Amino acid sequence: MLRIKRDHKVRRFHQAKWDEPVIFELHNSGERGVQVPLTEAGIVASVGDGLSTIPASMRRKAELRLPEVAQARVLRHYLRLSQETLGADLNIEIGQGTCTMKYSPKINEALARSPQMTELHPAQDPDTVQGILEVMYKMDLFLREISGMDRFSLQSGSGSQAAMAMAAIVRAYHQSKGEDLTRDEIITTIYSHPSDAAAAIVKGYKIITIYPDAEGYPDLQALKQAISSRTAGLIVANPEDTGVFNKRIAEFTRLVHEAGGLCCYDQANANALLGITRAKEAGFDMCFFNLHKTFSTPHGCGGPGGGAVGVLEELAGFLPVPLVEFVGGRYILNYDLPDSIGKVRMYYGVPPVMLKAYSWIMSLGAEGLYEAAKVSVLNNNYLYSKIMQIKGADAPYVRDKQPIEQIRYSFEALKQETGVEVEDIQNRMPDFGLHMWTSHHPYLVPSPVTLEPTESYSKTELEEYCATLGHVVQEARENPDIVKTAPHNSVCHKIDYSVLDRPEDWCITWRSYLKKTKPE
Amino acid sequence: MGERGFKHHPYIPNSLPEVQAEMLRELGLNSLEDLHAEIPKELVFKGTMNLPEPLKSEYELRRHVERLMGKNKTCKENICFMGGGCWPHFVPAICDEINQRAEFLTAYAGEPYEDHGRFQSLFEYQSLVAELVDMDVVNVPTIDGAQAAATALRMAGRITGRGELLLAGTISPEKLLVIKNYCGPDLTCRKLDYDKRTGQVDMPSLQTALSGETAAVYFENPNYLGIIEEQGQQIADLAHAAGAVCVVGVDPSSLGVLEPPSGYGADIVCGELQPLGIHMNYGGGLAGFIATRDEERFVMEYPSRLFGIAPTIVPGEYGFGDVAYERTSFHDRIHGKEYVGTQSALWGITAGVYLALMGPRGMFELGQTILQKSQYAARQLSKIKGVKGVPFDSSFFKEFVLDFNSSGLTVADINKALQARGIFGGIDLSAAFPELGQCALYCVTEIHTKEDIDTLVEELADILGY
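Here the protein sequences come in this chain order: A and B. Going by the working numbering, the first residue of the first sequence is number 1, and it counts up by one from there. Going by the working numbering, the first residue of the second sequence is number 521, and it counts up by one from there.
It should be emphasised that the hints constitute simulated quantities derived from the structure, not laboratory data. Computed from a prediction, not measured in an experiment: that's the story for all the values here. Check each hint, because a few of them may be wrong.
[Unchecked claim] Short derived list, chain A residues pointing at chain B, Cβ under 8 Å:
id, residue
1, Ile4
2, Lys9
3, Val10
4, Arg12
5, Ser46
6, Tyr78
7, Gln83
8, Met117
9, Gln124
10, Ala168
11, Tyr348
Glycine included, C-beta positions come from ideal geometry on N, C-alpha and C.
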């Protein structure tokens with residue numbers, strides 16, 4: 001036979017398309033997915049049907065209209081839906097900037113799914129959970145080393161919840177000084193995560209937003225003007241979501257401190273900084289890490305994740321309760337924090353996520369973290385050099401800088417030239433088995449594309465991503481219709497999103513869909 | 521000084537020195553040290569991170585972690601009678617099979633075109649919970665049930681423009697701390713009394729507390745002490761008459777047998793999803809839901825993602841996407857509702873799988889079994905001298921209070937003794953509910969066999985000296 005020729009430039013992909021019905025459409029009266037462990041006869045003989053003790057008014061009256069589906073049919077349905085999802089394990093997930101979509105090692109997942117993790121009740125006597133408490137305690141110690149902070153709470157279930165916890169600590173701190181009513185402003189930068197502002201607003205703060213200066217760095221003059229006796233604190237990411245590192249961050253924190261404010265560091269973009277630079281030296285009073293970003297735990301379609309909030313010693317008393325302590329050779333839960341903000345999440349956070357992050361750090365050590373940081377920046381610079389070879393691509397904020405770990409590009413020139421929108425490109429990339437994200441708020445960079453390659457992808461994978469993006473850009477010039485009508489090889493075709501913004505048309509559940517739509 | 525870093529690491533393909541050299545050459549750089557050029561010298565970390573030496577192989581990591589986690593004593597080899605916000609339930613194998621699928625496990629923020637299955641499964645999750653609570657709108661899950669309650673209360677605050685929350689006095693102390701932190705400083709929490717005889721909401725206390733400042737009245741069914749609140753409709757009517765929103769927290773595992781709160785006047789229903797096919801995970805298996813009617817004034821106050829169904833250009837094809845995305849902080853950080861971000865989506869998908877497996881009959885049987893087994897346990901335990909079973913004159917679901925005041929022992933002592941016999945006794949209420957003295961909150965679910973319960977009764981009788 002002739003050797004099979006494999007010289008195509010882009011992947012000839014087609015996503016699994018099962019044309020799967022909604023689960024309710026699988027209903028077949030009488031089918032069962034699983035048997036419930038029923039009550040033994042001896043108990044029934046003693047208490048009867050169990051229902052008669054419930055007042056009639058409290059017994060369910062309406063029929064429960066859940067679908068009835070046999071087990072293997074349920075399994076097939078959800079396996080098909082999983083195949084219709086492009087997880088980070090399958091694709092070169094560098095198109096989801098700001099989210100650090102690195103490889104989540106399978107061994108860590110396997111360890112976190114052992115009964116020694118899953119079958120623990122949070123109210124168990126600490127003596128019976130010394131293993132997981134040790135993991136939580138060690139994570140605190142590790143993160144202290146990584147950040148320079150003195151104490152961590154791993155209770156937050158996400159970065160946004162950690163941002164809220166930081167804002168709550170800022171408020172509690174000023175309250176302890178009797179200044180919470182006068183200090184009512186939080187300063188942030190426009191290219192910090194939206195939750196840094198939004199979560200501070202939840203905690204009752206007014207937001208002052210700093211924009212970039214002419215060079216693309218957070219504007220120092222604007223900061224000086226923003227700072228006043230009303231300043232409660234600063235909450236910023238660094239590098240920002242554009243990939244720009246604020247070189248004057250130590251001056252920012254100094255100025256805020258001089259005005260009596262606290263400085264809080266959103267370390268969602270910390271992946272490039274492990275072992276390179278730390279929160280403490282930049283003058284921060286507290287910071288948080290996302291365990292599901294920097295520390296490799298899987299993102300789970302949007303959680304559960306983990307947010308680890310670290311503070312300097314003088315703020316440790318404000319952390320949420322409890323903290324894990326090591327006293328007299330055993331690990332205990334310390335609820336005795338009189339200044340504590342209380343709780344941000346039930347119990348202690350998401351321990352299996354902590355275990356996975358712990359396992360990741362144990363697989364890398366200090367030099368491995370440094371390697372991850374260096375390679376994430378190497379990969380990003382390499383990606384940058386390739387993307388900038390695509391005509392129509394620009395990187396407005398990093399043009400004259402060496403980028404850190406991600407970049408918000410602009411494809412505005414391509415749009416002006418071809419009329420192809422960045423959303424069209426976004427819709428076309430799945431045709432090649434790839435994801436590409438634009439941006440969340442703010443929508444200041446025109447036609448934005450935010451890419452973050454992390455350390456997890458090989459040189460050839462970076463090249464495949466760039467080649468595919470380059471191919472789509474070429475299509476935009478030569479055959480724009482194929483881009484504008486994309487996707488073509490995906491599970492579904494172009495969606496009419498307009499119905500989702502109209503109250504009379506939106507259907508957020510199947511029952512609502514049945515009520516609000518008429519058959520043709 | 522040797523070369524820094526960790527070359528040939530299996531998780532880092534480009535840790536190969538020759539690949540790095542090639543990439544650096546293309547970039548016109550000499551070494552990895554030339555990267556991070558934007559970090560000012562004075563901020564470069566000059567110390568070393570004092571972290572353990574890395575475990576060199578996956579096998580060594582496994583041995584290390586298994587040894588560490590082997591120190592835990594689990595609810596598998598012990599009998600667990602603890603609930604109170606996280607409950608031991610059976611987890612169908614298919615729930616784990618689906619939530620460890622690589623695609624669901626590692627997806628995140630993809631668009632509907634590459635993550636159609638993620639959108640559909642979360643839409644289905646919303647739809648399945650909607651049937652359970654008999655309401656038309658359910659969100660993509662929140663972090664946990666406490667967060668769901670806190671957000672539901674903030675929604676009520678925005679809808680009414682008022683600042684006071686009235687909370688049933690039996691609320692879990694943990695949940696109250698979450699709500700207080702999340703709702704402050706805009707909203708203040710005021711705990712209502714509970715009726716000392718029934719354990720339900722004290723109606724005179726509610727009537728006195730309601731005012732033109734009341735944003736919401738919040739109660740639970742069953743409440744933290746396991747008690748079924750029978751006055752739901754009266755509470756809702758009073759709340760509505762005062763112009764307040766009625767928010768009800770509910771245990772979804774009860775809804776095969778108990779009336780959903782929408783049937784007695786709830787405007788917003790919220791709760792914890794963990795009972796629906798999710799392992800306890802030392803409290804890490806929590807996820808929350810919020811449900812409302814399909815009215816714009818409610819829908820537009822959700823901070824969460826809401827996935828909706830939509831047509832595509834191909835006839836007969838389903839599409840999915842975000843409903844009213846402009847509400848969210850992703851769209852507008854200043855004017856968005858609260859904030860949105862990573863929550864607990866994987867547990868939402870899992871809860872959907874669970875409900876699809878259970879169907880109406882499964883949920884009914886689950887509820888009935890829990891009722892029977894918990895009633896049996898309460899009855900048998902009450903027979904022990906020194907134990908007063910259920911000191912409240914109300915029916916209960918899944919959990920009940922045991923009164924040990926006449927035993928002469930503290931709950932802490934009793935639980936220590938039980939633990940030595942392989943039993944995790946009920947949650948000690950003496951700190952959170954000092955007025956009850958030495959009482960414990962026992963949880964009995966479908967996983968407990970008659971033998972488990974009888975063992976508890978025997979051991980407890982022995983510990984108490986009878």
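Right, here's what the structure says about each hint:
1. Ile4: Because about 26 Å separates Ile4 of chain A from the closest Cβ in chain B, which is outside the 8 Å limit, the hint is violated.
2. Lys9: 19 Å, violated
3. Val10: 16 Å, violated
4. Arg12: Because about 16 Å separates Arg12 of chain A from the closest Cβ in chain B, which is outside the 8 Å limit, the hint is violated.
5. Ser46: 5 Å, holds
6. Tyr78: At about 5 Å, which falls below the 8 Å cut-off, the nearest Cβ of chain B leaves the hint on Tyr78 of chain A intact, so it holds.
7. Gln83: At about 7 Å, which falls below the 8 Å cut-off, the nearest Cβ of chain B leaves the hint on Gln83 of chain A intact, so it holds.
8. Met117: With a minimum Cβ separation of about 6 Å from chain B (threshold 8 Å), the hint on Met117 of chain A holds.
9. Gln124: Check passed: Cβ of Gln124 of chain A comes within 6 Å of chain B, closer than 8 Å.
10. Ala168: 6 Å, holds
11. Tyr348: OK, holds: Tyr348 of chain A within 8 Å of chain B, min 6 Å.
Checked against the numbered hints above, the structure breaks hints 1, 2, 3, 4 and satisfies the rest.
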